[in-house]
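Enquirer: One-letter residues, chain by chain:
Number of protein chains: 2
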Amino acid sequence: MLYSKLLGKSKKTIANYDSTNARLLEQGGFVSKTMSGVYTYLLLGQRVLNKIEQIIREEMDTIGQEILMPSLSPKSLWEQTGRITKIDALFKVLGANELSLKKNSAEYILNPTHEEILMPIAKQYFSSYKDFPFAIYQIQWKFRNEPRAKSGLMRGREFRMKDLYSFHTSEEDFKIYYEHSKKVYFRVFERLGLEKDTVICMASGGVFTDDFSHEFQTKCETGEDTIFYVKSKNLYYNKEVAPSQAPKVIYKEEKELPRKDVEGKGIIRVEELAEFLRIPVEKTTKTLLFETEKGEVIAAGVRGGYDINEEKLRKIVGCKILKLATPETVKKVTKAEVGYAGLLDLPKTVKIFMDESMDNRINFEMGANKTHYHSMNVNFGKDLPKPKIFYDFKLAEKGDAYPETGEEYVVFKAAEVGNIFPLGTRFADDFDYTYTDQQGKRKKIYMGCYGIGPSRIMGVLVEKFHDERGIVWPEPVAPFKYHLIGLDLKDQKIKKHAFEIYKLLTTNYKLEVLFDDREDVSAGEKFSDADLIGIPHRLVVSRRTGDKVEYKKRSSKEAKLVNLDEIQ
Amino acid sequence: MLYSKLLGKSKKTIANYDSTNARLLEQGGFVSKTMSGVYTYLLLGQRVLNKIEQIIREEMDTIGQEILMPSLSPKSLWEQTGRITKIDALFKVLGANELSLKKNSAEYILNPTHEEILMPIAKQYFSSYKDFPFAIYQIQWKFRNEPRAKSGLMRGREFRMKDLYSFHTSEEDFKIYYEHSKKVYFRVFERLGLEKDTVICMASGGVFTDDFSHEFQTKCETGEDTIFYVKSKNLYYNKEVAPSQAPKVIYKEEKELPRKDVEGKGIIRVEELAEFLRIPVEKTTKTLLFETEKGEVIAAGVRGGYDINEEKLRKIVGCKILKLATPETVKKVTKAEVGYAGLLDLPKTVKIFMDESMDNRINFEMGANKTHYHSMNVNFGKDLPKPKIFYDFKLAEKGDAYPETGEEYVVFKAAEVGNIFPLGTRFADDFDYTYTDQQGKRKKIYMGCYGIGPSRIMGVLVEKFHDERGIVWPEPVAPFKYHLIGLDLKDQKIKKHAFEIYKLLTTNYKLEVLFDDREDVSAGEKFSDADLIGIPHRLVVSRRTGDKVEYKKRSSKEAKLVNLDEIQ
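First to last, the sequence lines map onto chains A and B.
All residue numbers for the first sequence refer to the working numbering, where the first residue is 24 and numbers rise by one.
All residue numbers for the second sequence refer to the working numbering, where the first residue is 24 and numbers rise by one.
The shape of chain A in the complex, shown without the other chains (with noise of 0.2 Å):
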């Protein structure tokens, strides 16, 4: 490829970026933004994508078979499973003006995901237990109605999307191949060269299961999630659900002083609270009412400093559905205005649920159920009674210690570059899809998922191999494996060399090249912009490189003249 012909050249600077990866990717010429979250993908960024998805493609063939679905699907497969409400990243599709309205009114779903799309094609196909297991997978755009899309390729409205689903006649069955998919992972992030950095972290099954799903972390100081390391047992954690032991807050000879009232009307925030009471923040209590699928009130308290976990809280309360009680129940409950919620003198029909970090204190304070005020000193056994559990549900933070071994998490940030759930028969089940075995009894289909999404990966390679001049591309995904500059190409013999070298590398080595062959641009700039595209071989030809070439890798700094013949 020339580079003078490229859409894409490179540019020193760009105006609005959300991360280090969009700002590299399209200063490069990678990718250009069509709008936030939505990126069109230039013939550097193109050649990039297809190498991870190909990548992919191959480990995936070993444990799958590759379709295609589409992106458009028909509202009544997400009305079947109910997430059609469900979802808030749904997207739907209609008409855009009056013309398309009036040839056609209906609206469809842009898929997410698609669970609901394989189902009705697997039961069509496959249902004696002699079918099973079976696997399928593809490689397709994903449409999420993200509201602030950011993190530049990492986070998008349109992505690509491996995704693979598999089909078991037992849970077992479908342990046995949810572990070998998670080799089959690493295979591919060994090839993608994110291996090392890239450790398998329990994180939430969502709402399909109560079983952890597993993400791929890798680990990255600009991404999204962070990641609680248990070292002794080697394990990791989304803090998502990482079980969690608040550090013991000690109070020496400090007495119990009987519990007072006072008045601090809209402090609400704890750090405000502890600052107006001139507390420490770990006396005050976070308390926070939440309303079950049955309509049972819960109250729920944790130590100022840490938020409530909902999912860890939903599992200990034991029902489906937990949310917040409406400002009406907060009320009716409290006797008070929101933002005065305590634990003291609750109705006896309040169900009341205290995190562990709210142990072992002392005079501590807490809402008081009453309109502006906030009661201090309170105490176990006479203010409040001690509950016989403390459970943990809290939101873990830095410095928590994992309660099993009671050391302390190993806390860093990571960005996701795949998952994998355990998504149980809900599925099959919503479908009515079963399989017949060997006594002709209809049984019960489990099935897992399985998610790389490869443009994404393209973003996180970007976080993870760059420094400050540019990216530094990982072979396998490099755009092109050698970068190729002619310089003094005014003088049109050093020209027609230049062009040469660039013939003997594409037509009779078959190297994939970019050559640089622009006449009016200097050396310096050249360099540089070679160092920003991060290709990994670079070759000079010059004026005074004779009949050899001056060869760098990307990494390195060392320049060598080296034969023609050296290169493959």
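Please note: incorrect hints may appear among the correct ones.
Which copy is meant is left open, so a pair is good if it fits within one copy or across any two.
Simulated crosslink set (SDA-like; lysine to any residue; CA at most 20 Å straight-line) [unchecked claim]:
| hint | residue 1 | residue 2 |
| --- | --- | --- |
| 1 | 153 | 24 |
| 2 | 115 | 126 |
| 3 | 393 | 207 |
| 4 | 409 | 379 |
| 5 | 115 | 129 |
| 6 | 526 | 86 |
| 7 | 115 | 130 |
| 8 | 115 | 170 |
| 9 | 126 | 110 |
| 10 | 504 | 582 |
| 11 | 146 | 66 |
| 12 | 126 | 198 |
| 13 | 371 | 321 |
| 14 | 115 | 169 |
| 15 | 115 | 97 |
| 16 | 28 | 81 |
| 17 | 35 | 527 |
| 18 | 115 | 135 |
| 19 | 466 | 156 |
| 20 | 98 | 130 |
Read the hints as simulated data drawn from the structure, not as lab findings.
Bear in mind that the values here come from a model prediction, so they are computed numbers and not experimental data.
Since the structure of chain A is already known, use the hints to place chain B on it.
Expert: Using the frame of chain A, we list chain B on its own:
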């Protein structure tokens, strides 16, 4: 690939299909219909599609550079060209439920074509005369709000498209590229096995240009288009633009009779009217009233049996927009209810246009411009002034002649497999995209666009290449090269042998093989499945084939025993 594991095994019959290609592709397990006009490509279909796209890609790489544009775009881009209200197939995208709308209530366009997306990108990078000409292409999904998608893969709501856009500094330069693109297109059709039956045909330039566009049309009885061929000139016209001359009607010794008005309430269609009045259809006249963008009213008449081609008429009238007059206008102008309009006694403000098919008639019929009445025995000179010019604005019909030579058209059905359009300066103008010439002056940019639909081509290939037993794929796009059929596989020795051959072919010979390894299926069923699927080369291994295999081409009837090393 083991056939026993394939998602998408052959079906004896399928319930609903709209075309031969839909039936054979669904029966053969290539696709599964997700909804009308929206298909899932199963492994076999996905492989065919990929091969078609790879052929297109290789040829397009000789004349353009590949990028990948998104499916979502902001409305603002479509407002810039005004096409947001004009494209009658335009889809928009927005949150599908309350949760989603609450997160983000914005609306986007789901792209049916990509001029609007490419213009701002091209403008960013190429603006000097030195950068021109250039051409950019992609292979991507397109979405169109088709009311009733039919014809299987030949017309979908969601389909694959290769769209290339070329940019030029002058119309002359554009034309050189445009002519060259035709040759490149024919290389594609040659590789697909379609070149012999494919012709370049003049078609409507749409709203962008008064020039013709060009369609690549493959002769095909089930095609959606009708082509008019001028043999002596070797010219092809799409019916929608074919110039036409109606067969002359000769009235031997018929004398002109006095006009009379006959009551015929509700008799409006010309066939009914001819029967009612006991005259031949060609003596009836169809009159339609139109309004231009300036509010002028036009009356246009053609002989019964023809329809008016509004696009031809628009060019003759010389206006930008021509639309059927509203019922109110018809009543005002003709002083009669709709359905009884004629060219007699119209107000002077109404411009009258007559098609050449109206000429040479005696005692013809015409609406009387009087509710429920038809005028009979109308004659030029007496009842109606003979116009100075008769035009050609009818939709050509079989039997018509090419006006220039007077020869009758050869008419045939065809399926569009590609189209190329001169776009003029329209899109560049809308985006204020110009280039700077050698003198530093800003000049207009001329563009062309060039489409081929890979999924549509897959449908056309099936329409063209099938027999009563199934599909007969051209070798370059067949999903596999060899279909290996194992018989007598319940015999473990034969089974082992068959698997060894499969391994030899795939691992040693690196051939693409679909291996029918099913044990519980009869030979007859396997052969008929192989015929249905249409892989070019069939191999059979059975108790009777010994150390050889039976070889048969899908397109021939003869089978013969061959040595394994003869296969490659």
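Enquirer: Hint by hint, say whether it matches the structure.
Expert: Here's how the hints hold up against the structure:
1. 153 to 24: For residue 153 and residue 24, the Cα distance is within 20 Å only across copies (17 Å; inside one copy 51 Å).
2. 115 to 126: Classified as both; 18 Å inside a copy, 14 Å across copies.
3. 393 to 207: neither (58 Å within a copy, 81 Å between copies)
4. 409 to 379: within (11 Å within a copy, 101 Å between copies)
5. 115 to 129: both (10 Å within a copy, 12 Å between copies)
6. 526 to 86: Answer is between; shortest inter-copy Cα gap is 18 Å, intra-copy 40 Å.
7. 115 to 130: For residue 115 and residue 130, the Cα distance is within 20 Å both inside one copy (7 Å) and across copies (10 Å).
8. 115 to 170: both (15 Å within a copy, 17 Å between copies)
9. 126 to 110: between (29 Å within a copy, 11 Å between copies)
10. 504 to 582: Result: close within a single copy only, 17 Å intra versus 48 Å inter.
11. 146 to 66: This pair counts as between: shortest inter-copy Cα distance 16 Å, intra-copy 40 Å.
12. 126 to 198: neither (49 Å within a copy, 36 Å between copies)
13. 371 to 321: This pair counts as within: shortest intra-copy Cα distance 11 Å, inter-copy 84 Å.
14. 115 to 169: both (14 Å within a copy, 16 Å between copies)
15. 115 to 97: both (10 Å within a copy, 15 Å between copies)
16. 28 to 81: between (32 Å within a copy, 18 Å between copies)
17. 35 to 527: Neither, since 32 Å and 55 Å both go past 20 Å.
18. 115 to 135: Classified as both: same-chain Cα gap 10 Å, cross-chain 16 Å, threshold 20 Å.
19. 466 to 156: within (14 Å within a copy, 63 Å between copies)
20. 98 to 130: Classified as both: same-chain Cα gap 7 Å, cross-chain 19 Å, threshold 20 Å.
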